[in-house]
Amino acid sequence: MKNVLMSFFAVAALIFSTTAFAQNEEGDRLIGVWEPSHGKAKVKIEKIGTKYYGKIVWLKEPIDPETNQPKVDKNNPDEKMRSTPLRGYRILKDFEYTDKDTWTEGTIYDPENGSTYSCTIKMTDDNTLDIRGYIGVSALGRTDVWKRLQMPKKKK
Amino acid sequence: MEGKKKIMRKVYIQLLLGVFVLLGACTSTTPHQTTLTFTTSADGPFFAGPNSLISTYEVNLNELVDGQQFTADQIAKVSVNKVTATIPRSDSSTVDNFLNATLQFVADDVPMTSIAVKNPIEATGNSIALDASQEVDLADFFKQNTFTVLFDWDFNEDSYAESLGTIVEMELTFEIKN
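Residue numbers (the numbering used here), protein chains in the order written: chain A, 1 to 156; chain B, 1001 to 1178.
Since the hints were derived computationally from the structure, they do not count as laboratory data. Treat the hints with caution; some may be incorrect.
Said to hold, decoys possible - 25 Å max Cα-Cα, derived PhoX-like pairs, lysine-lysine:
id : chain 1 : residue 1 : chain 2 : residue 2
1  : A       : K147      : A       : K71
2  : A       : K60       : A       : K42
3  : A       : K80       : B       : K1082
4  : A       : K147      : A       : K44
5  : A       : K74       : B       : K1082
6  : B       : K1177     : B       : K1082
7  : B       : K1143     : A       : K47
8  : A       : K100      : A       : K147
9  : A       : K100      : A       : K44
10 : A       : K40       : A       : K71
11 : A       : K51       : B       : K1143
12 : A       : K60       : A       : K100
13 : A       : K47       : A       : K100
14 : A       : K80       : B       : K1077
15 : B       : K1177     : B       : K1077
To be verified - Now the stretches of chain B that chain A is said to cover, found in silico as 3 or more residues with beta-carbon under 8 Å:
id : segment
16 : 1105-1112
17 : 1127-1136
Unchecked claim - Pairwise CB distance ranges, derived in the manner of DEER restraints:
id : chain 1 : residue 1 : chain 2 : residue 2 : range
18 : B       : P1120     : A       : W58       : 13 to 23 Å
19 : B       : K1177     : A       : P152      : 22 to 32 Å
20 : A       : N68       : B       : E1162     : 32 to 42 Å
21 : B       : E1162     : A       : V33       : 24 to 34 Å
22 : A       : P65       : B       : K1177     : 46 to 56 Å
23 : B       : E1171     : A       : V33       : 18 to 28 Å
24 : A       : V33       : B       : D1131     : 25 to 35 Å
25 : A       : A139      : B       : T1039     : 41 to 51 Å
Ideal Cβ positions, reconstructed from N, Cα and C, are used throughout, including at glycine.
All chains, full assembly: derive it from the sequences and hints.
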């Protein structure tokens, strides 16, 4: 009886660890550089700990015409943080992979108005994301389509 | 009859005052200042732009504030007074290798929080003071077992250094419930 129980727990542990590993690998498909539909920025999504974060790594117009300096987060509600540079700013925060190509529990920040929205990410194919930002209920939101940045193929 | 009513009213008022005093005593907090040091690091090479240095911090409530014993539930607020970042002398980098710097905390059960920034960096040498947020409350991070300290240096050019370390020193005020 003891042996049967031991075998049962060993098999259960193996199934659990295999599932967790597969879940981890599936979630990591989000890692990469993505371009929102407006084409004004590129966002690199990386994993820190167990969650996913996206930071701006490229801006079409990196210089603020008003100040002639690199753009900063001038609409941040916290006055002390308004000098934070936009290049490098993590606009996607705290996403967790749930299942069915979906990452939830995260937020998206809009530097143009200083607002943070709840957000879900749905991967519709390997190179396309539906990014849905909303306040309160997901039904009351807006979806933007992001495309994975394709690296130019090397000439042979 | 009228006299009895007056006495009862007095008793009610005194009871009410007592409740307010008790509530006040229960929710009052005492501030304790402390300085914490985090040693962050990352392996090179580093490309121009923001690069993250990371440190995992294990929370030990008994060592956070000198001579103070408290539980996680007693932490009402943790505010930031001062943040400095220092590159150890053993590293060849100096702060003028970077355009700006930011500090954030991350934990599994707490949203990522921006704490301090220095932009632009105009100093030279191996140390800078960052502008700390006056609104941020770090209490939830100190209620976790561990959290991650994320320090970003924005490199002004590519660096092929094998690694880079930065010591982040934070002066914090813990508001502890009595």
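Evaluation of the provided hints:
no.	hint	verdict
1	K147(A) <-> K71(A)	holds, 24 Å
2	K60(A) <-> K42(A)	holds, 9 Å
3	K80(A) <-> K1082(B)	holds, 12 Å
4	K147(A) <-> K44(A)	holds, 12 Å
5	K74(A) <-> K1082(B)	holds, 22 Å
6	K1177(B) <-> K1082(B)	holds, 23 Å
7	K1143(B) <-> K47(A)	holds, 23 Å
8	K100(A) <-> K147(A)	holds, 19 Å
9	K100(A) <-> K44(A)	holds, 22 Å
10	K40(A) <-> K71(A)	holds, 13 Å
11	K51(A) <-> K1143(B)	holds, 19 Å
12	K60(A) <-> K100(A)	violated, 33 Å
13	K47(A) <-> K100(A)	holds, 19 Å
14	K80(A) <-> K1077(B)	holds, 19 Å
15	K1177(B) <-> K1077(B)	holds, 9 Å
16	1105-1112	holds (count 5)
17	1127-1136	holds (count 6)
18	P1120(B) <-> W58(A): 13 to 23 Å	holds, 20 Å
19	K1177(B) <-> P152(A): 22 to 32 Å	violated, 58 Å
20	N68(A) <-> E1162(B): 32 to 42 Å	holds, 37 Å
21	E1162(B) <-> V33(A): 24 to 34 Å	holds, 25 Å
22	P65(A) <-> K1177(B): 46 to 56 Å	holds, 50 Å
23	E1171(B) <-> V33(A): 18 to 28 Å	violated, 37 Å
24	V33(A) <-> D1131(B): 25 to 35 Å	holds, 29 Å
25	A139(A) <-> T1039(B): 41 to 51 Å	holds, 46 Å
Hint violations for this structure: numbers 12, 19, 23, all remaining hints satisfied.
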